[in-house]
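Given the structure of chain E, go ahead and fit chain G onto it with the hints provided.
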Amino acid sequence: MIIPKEVKQKPIEYIVLGVIFLIGLLLYFFGPFTAHGRRVVVYCLVANYLFWSLIHHYRRGDLSLSIIVEYLVMALFGIALLTLSLL
Amino acid sequence: MKLSLSHYFIPQEKNNYRADILKNSFLLLLVGIYLVNQSFIKYLTVSRPGVLGYSSEITAQKVFDQTNNERTKLGLAPLKYNSVLSDSASKKAKDMFADNYWAHTAPDGTTPWDFLKSAGYKYSVAGENLARDFYDTESLLKAWMNSPTHKANIVHSKYQEIGIGVVNGTLGGIKTTLVVQHFGTPVAVVAKNNSGTADQPSSLQPEEVITTTADQKAISPNSTVLSQNQEKYINPLKLNKIFGVIIFGLIIVTLFIDGYITLKKGINRMTGSTVSQIGFLLVILLFILYQQQGVIF
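For the record, the sequence lines run as chains E and G. Quick note, the numbering used here runs 1342 ahead of the 1-based positions in the first sequence. Quick note, the numbering used here runs 3 ahead of the 1-based positions in the second sequence.
FYI, nobody ran anything at the bench for these hints, they're computed from the structure. Remember, it's a predicted structure, so these values are computed and weren't measured experimentally. Mixed in with the good hints there might be a few duds.
[Stated by the list, open to error] Restricting the straight-line Cα-Cα distance to at most 35 Å, the calculated cross-link-like pairs of lysine-lysine (DSBU-like) are:
#1 E:Lys-1352 - G:Lys-161
#2 G:Lys-125 - E:Lys-1347
#3 E:Lys-1350 - G:Lys-268
#4 G:Lys-267 - E:Lys-1347
#5 G:Lys-17 - E:Lys-1350
#6 E:Lys-1350 - G:Lys-145
#7 E:Lys-1347 - G:Lys-268
#8 E:Lys-1352 - G:Lys-267
#9 G:Lys-145 - G:Lys-161
#10 G:Lys-17 - G:Lys-83
#11 G:Lys-268 - E:Lys-1352
#12 G:Lys-83 - E:Lys-1352
#13 E:Lys-1347 - G:Lys-17
#14 G:Lys-26 - E:Lys-1350
[Stated by the list, open to error] Some, not all, of what chain G presents toward chain E, calculated at C-beta under 7 Å:
#15 Tyr-46
#16 Thr-114
#17 Gly-282
#18 Val-286
A virtual CB, placed ideally from N, CA and C, is assigned to each residue, including glycine.
Isolated chain E, as found in the complex:
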């Protein structure tokens, strides 16, 4: 199995990210939420993902505006497709 170098270098950070995703999935599918509540879960997940990316790249020493924009666009992309399809 190929484990990317970035994961090998910072395994704890990727475990934290995995936990964030797992909690989001559990809350979304098994939480006692209405459609609005599920949407809030998605927004929280995305916010946590963005926060993780900031910390991750700051610790890696390559935090830059272009990287921040890349994550923001990716988050917007995910949110837009998901929330629009939930309407």
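Below, chain G without anything else, positioned relative to chain E:
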């Protein structure tokens, strides 16, 4: 052709070792395309319901049939269609649209039982289920059956009759369809059975709202045999989902290719973490794939 497209998916010198499709401008373009597509589908479903049939998948007939199927599975007697109950159910749905609320009790304090009484239905036992935002009847019934309070109404042994209202309208600024089930047993039946103990309607607690799209004319008020819309339409929800999945699939596959090639070639570049982006998009993809129709409250 092969070469001209490769820079979209494969990191190479030509695209500064980042697949073009993963660049911010391209992602924003995809969001734009999705927005246009979604708006177009919405336009068709709302203004031209015949094209995609957004208002046609759920009918009162189907709700009636499937409700009785659920009862039959449990060995209960099927409910009889009652036009007076259907009238009260339709009036309840119209009242929610008119007063812009979504609840069992109206803002002015009108209860479901008031609708039953005003329609002229004298009940000994009664209940109400509400639903909105569902496209197909199967999902609608499944959601109700998964909710203990709504299921309690559907499989209540004391109910003998049912009326269904399926009404299209605008609620909270959003075009939608409300489905209302009114259950009941007339007083006369209970008197005949000499049970003597009539349930209090409020003790039944049967409420739910699911947004659905069904055509009100599917039920003919004074008939036990309901008309049925046999036409098959494309489900706009599925159409949206398919389109979203295709776009996501494209991005995720490209991310995999991009990540694999940069890893194999040992390319160093200033970009976000491919692993985290793949993970994030996979999670969102799961949400899209398993999103639920309707709203239950």
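Checking each numbered hint in turn, tell me which of them this model violates, lowest number first. 1, 2, 6, 10, 12, 15, 16
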